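Undergrad: If you want the building blocks of each chain, they are given just below.
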Amino acid sequence: MQQPLISHFPCDVPALSLILYQDFLSDTGMDEPQYTVASDSETTGEEKSSSAFAEIAIGIDIGTSQCSIAVWNGSQVELLKNTRNQKLMRSYVTFKDEVPSGGVSNQISHECEIFSGVAIFNMKRLIGRVDTDPVVHASKKLPFLVQTLDIGVRPFIAALVNNAWRSTTPEEVLAIFLVELRVMAELQLKKPIRNVVLTIPVSFSRFQLTRIERACAMAGLHILRLIPEPTAVALLYAQQQQQTVHENMGSGSEKNALIFNMGAGYCDVAVTATAGGVSQIKALAGAAIGGEDILQNMMQYLLPNSEGLFLNHRINEIKLLGLLRVATEDAIHRLSSQSSVQVDVDLGNGFKIYKVVTREEFEQVNLEVFEKCESLVTQCLRDSKVDIEDLTDVILVGGCSYIPKIRNLVMAVCKREELYKEINPLEAAVCGAALEGAVASGITDPFGSLDLLTIQATPIGIGIRADGNSFVPIIPRNTTIPSRKELLFTTTHDNQTQALILVYEGEGTKVEENHLLGYFKIVGIPAAPKGIPEINVCMDIDASNVLRVFAGVVMPGTDQPPFMEVRMPTIDDGHGWCVEALNRTYGSTLDLVTVQKKM
Amino acid sequence: MRCYGLMIPGSETIRFYPSQLKPDSNPFLRFKPVTRIPIGSFKTKAATNEKITTEWGQMTLYELLGIPESGTFPEIKQAYKQLARKYHPDVSPPDRVEEYTRRFIRVQEAYETLSDPRMREIYDRDMARGLHLAFSARRRYPYQKDEGMEGRTEWKNCWQAQVSELKRRSMNKDAGGSASWAARMRRRREGLSDEL
Chain A
1 MQQPLISHFP CDVPALSLIL YQDFLSDTGM DEPQYTVASD SETTGEEKSS
51 SAFAEIAIGI DIGTSQCSIA VWNGSQVELL KNTRNQKLMR SYVTFKDEVP
101 SGGVSNQISH ECEIFSGVAI FNMKRLIGRV DTDPVVHASK KLPFLVQTLD
151 IGVRPFIAAL VNNAWRSTTP EEVLAIFLVE LRVMAELQLK KPIRNVVLTI
201 PVSFSRFQLT RIERACAMAG LHILRLIPEP TAVALLYAQQ QQQTVHENMG
251 SGSEKNALIF NMGAGYCDVA VTATAGGVSQ IKALAGAAIG GEDILQNMMQ
301 YLLPNSEGLF LNHRINEIKL LGLLRVATED AIHRLSSQSS VQVDVDLGNG
351 FKIYKVVTRE EFEQVNLEVF EKCESLVTQC LRDSKVDIED LTDVILVGGC
401 SYIPKIRNLV MAVCKREELY KEINPLEAAV CGAALEGAVA SGITDPFGSL
451 DLLTIQATPI GIGIRADGNS FVPIIPRNTT IPSRKELLFT TTHDNQTQAL
501 ILVYEGEGTK VEENHLLGYF KIVGIPAAPK GIPEINVCMD IDASNVLRVF
551 AGVVMPGTDQ PPFMEVRMPT IDDGHGWCVE ALNRTYGSTL DLVTVQKKM
Chain B
1 MRCYGLMIPG SETIRFYPSQ LKPDSNPFLR FKPVTRIPIG SFKTKAATNE
51 KITTEWGQMT LYELLGIPES GTFPEIKQAY KQLARKYHPD VSPPDRVEEY
101 TRRFIRVQEA YETLSDPRMR EIYDRDMARG LHLAFSARRR YPYQKDEGME
151 GRTEWKNCWQ AQVSELKRRS MNKDAGGSAS WAARMRRRRE GLSDEL
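Protein sequences, first through last, are from chains A and B.
Each residue of the first sequence is one higher than the last, beginning at 1 in UniProt numbering.
Each residue of the second sequence is one higher than the last, beginning at 1 in UniProt numbering.
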């Protein structure tokens with residue numbers, strides 16, 4: 001059991017073995033027989049749900065700006081509140097004192113304090129990204145230090161502590177935050193929390209998922225599932241639909257819904273078809289655009305030519321930036337209900353803003369963001385092959401769903417007059433995660449409220465490099481998982497005995513546009529003219545979204561080396577460098593091409 | 001024939017699974033996918049797997065979904081959802097996740113083949129010819145022209161692209177820059193003969 005986990009996190013061996021040890025402690029004794037009970041499903045419902053309750057996974061929604069935590073309490077989903085009676089807690093960690101503290105427990109006197117350099121936030125936008133990533137570059141205008149060297153390594157991130165930049169990592173910040181959430185939940189539920197279901201953006205790469213896993217491991221949490229945010233909402237929708245069916249005793253006809261989720265950091269779209277508690281994710285689409293981009297566009301609009309002002313990160317400039325952020329955020333919020341707002345703020349240092357901003361101006365400034373949202377909705381609808389007329393409901397969730405322009409554009413694309421109203425836009429994802437946590441933990445409900453199944457799909461295509469520099473998808477985007485697909489490849493040189501398998505994730509037709517997940521070499525290909533040996537590459541994603549790649553030679557009647565089986569991703573940071581080094585060393589000598597089907 | 005053994009038209013070679021070729025070193029059974037359910041996940045019930053998947057391997061896709069060959073699309077869909085409820089690894093007992101995963105993938109593939117009118121037609125034709133190629137239609141390189149054209153919109157896009165390409169070519173006929181080498185040569189020869 002330890003082997004695959006440890007090889008998966010080569011750097012985290014101490015932390016992980018500690019957690020495994022904890023798991024081991026809690027698994028021995030009481031828990032072992034409980035699992036046996038749970039596995040032989042048809043025991044008495046009472047006994048099962050009470051014993052399994054100790055193991056129920058909680059749902060956590062880590063938003064770019066806000067976090068929440070929810071749990072199935074035996075009859076429904078319940079959001080947990082912190083000591084300040086908040087269900088939604090700001091996602092940030094301050095490094096002011098010796099012990100860093102996060103937004104769960106922290107008491108701050110004024111919002112500006114978060115923006116004074118002491119706090120790190122937006123970690124979801126930074127996690128698992130390298131310093132050449134445009135999203136990281138956009139984060140350089142945040143009121144803490146994000147330093148890039150533009151060489152394809154992780155950015156340097158630091159908080160201002162006692163007039164010095166104290167370095168940290170997004171994983172560490174997230175882990176500190178998760179520990180606070182865990183402690184809060186453990187106090188309220190009066191039992192240790194171990195298993196969690198986390199929601200993630202659709203556009204997260206598998207590499208980013210490993211960073212989330214690492215942060216959870218650092219916080220002593222075990223990830224039962226990582227589910228894309230809109231699919232969590234889809235699960236909640238499926239449950240609501242099933243309940244209505246129960247109430248009306250009507251037929252469980254299939255309902256298609258489009259879910260649009262836009263928070264501060266990411267925009268995700270999903271189309272789901274649900275009937276009788278089974279929901280199938282038909283298509284997913286997502287991008288790293290969100291409220292943060294809208295906010296930065298507006299800040300730029302309110303204080304033009306301020307580009308160079310914040311790059312030196314002087315204390316006064318950070319303060320100015322913090323004030324500007326608060327004022328802009330407030331203006332954007334007000335523009336959701338008003339047609340124009342007056343921004344009147346003294347930023348100090350001689351910078352004053354006195355401006356009336358209309359909704360039209362706001363929409364013009366953020367035109368690109370809205371266009372991107374529209375294209376995501378269109379793409380998702382097209383991929384789902386569901387006709388607009390067949391959409392039963394259109395669901396908008398996330399903080400940005402309050403923006404009139406967003407509501408209008410989604411309704412326009414879906415040709416709809418109104419939106420689904422039975423869902424709380426800010427709590428939907430975490431409720432879905434808690435439902436998934438209960439379902440995946442094997443909890444059953446006597447009233448059938450947990451008779452749910454979500455058939456997930458892959459948000460991003462996975463394939464290998466072949467046919468020169470092309471990306472050949474083996475498991476395309478929106479493939480139902482679990483899945484197993486294979487393709488045949490052949491050699492490009494006579495007597496080529498080795499081949500390099502470079503596994504990529506992405507949508508670009510060229511490998512450079514995609515994300516390298518890992519690579520390995522096949523050896524012992526029987527010497528033959530090019531195009532003769534057949535190399536089978538098979539990819540397998542299980543229900544927990546674990547990706548394995550199998551590859552080997554298929555030539556009947558010859559002595560073949562064993563197949564390779566590799567769990568992905570295998571590479572850590574610096575994927576760009578790996579590609580360069582591989583190119584330099586091997587060129588195209590170990591290349592493969594696809595075998596065209598001869599019928 | 002196991003679940004992942006695939007037949008190739010015109011040959012008796014079983015294509016994919018390495019276990020087919022080397023039953024003793026079957027990596028699939030040796031290594032269990034990490035299911036995140038820690039206990040019991042390593043007790044692979046190989047014997048049951050073999051038995052069930054053998055039975056499944058001999059079934060037609062219709063038999064697999066439990067519907068008649070005349071089954072309509074709603075029937076196929078309903079059968080698929082029922083089987084998904086039964087075999088999705090999320091509803092499996094913790095020690096049988098792998099077996100359920102394989103079954104679910106077969107159900108999924110049967111559904112995808114039969115719910116697509118074009119693929120169903122190919123499958124029906126192959127079945128009528130006595131070829132039992134459960135998944136042959138799915139194994140070709142998916143980006144070949146004919147495969148990429150499923151669905152009206154894609155077909156339409158492709159057709160429109162062809163039309164616009166033809167238009168573009170006819171417009172550029174005289175420009176010469178994008179004409180083929182042969183066309184340029186012909187034109188040059190015509191030009192020469194005109195001069196003469």
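If you're looking for bench data, these hints aren't it; they were derived computationally from the structure.
None of these values were measured; they are calculated from a predicted model.
Virtual Cβ for every residue (Gly too), placed ideally from N, Cα, C.
You may find that some hints are simply not true.
For each label pair, taking beta carbons as the anchor points, the in silico distance ranges come out as [stated by the list, open to error]:
no.	chain 1	residue 1	chain 2	residue 2	range
1	B	Thr60	A	His333	54 to 62 Å
2	A	Ser588	B	Glu69	43 to 51 Å
3	A	Pro192	B	Arg125	39 to 47 Å
4	A	Ala527	B	Met119	49 to 57 Å
Undergrad: Does each hint hold? Answer for all of them.
TA: Each hint tested on the structure:
1. Thr60(B) with His333(A): 54 to 62 Å: holds (59 Å)
2. Ser588(A) with Glu69(B): 43 to 51 Å: Holds: the Cβ-Cβ distance is about 49 Å, inside 43 to 51 Å.
3. Pro192(A) with Arg125(B): 39 to 47 Å: violated (59 Å)
4. Ala527(A) with Met119(B): 49 to 57 Å: The hinted range 49 to 57 Å is violated for Ala527(A) and Met119(B), with Cβ atoms some 38 Å apart.
Checked against the numbered hints given earlier, the structure breaks hints 3, 4 and satisfies all the rest.
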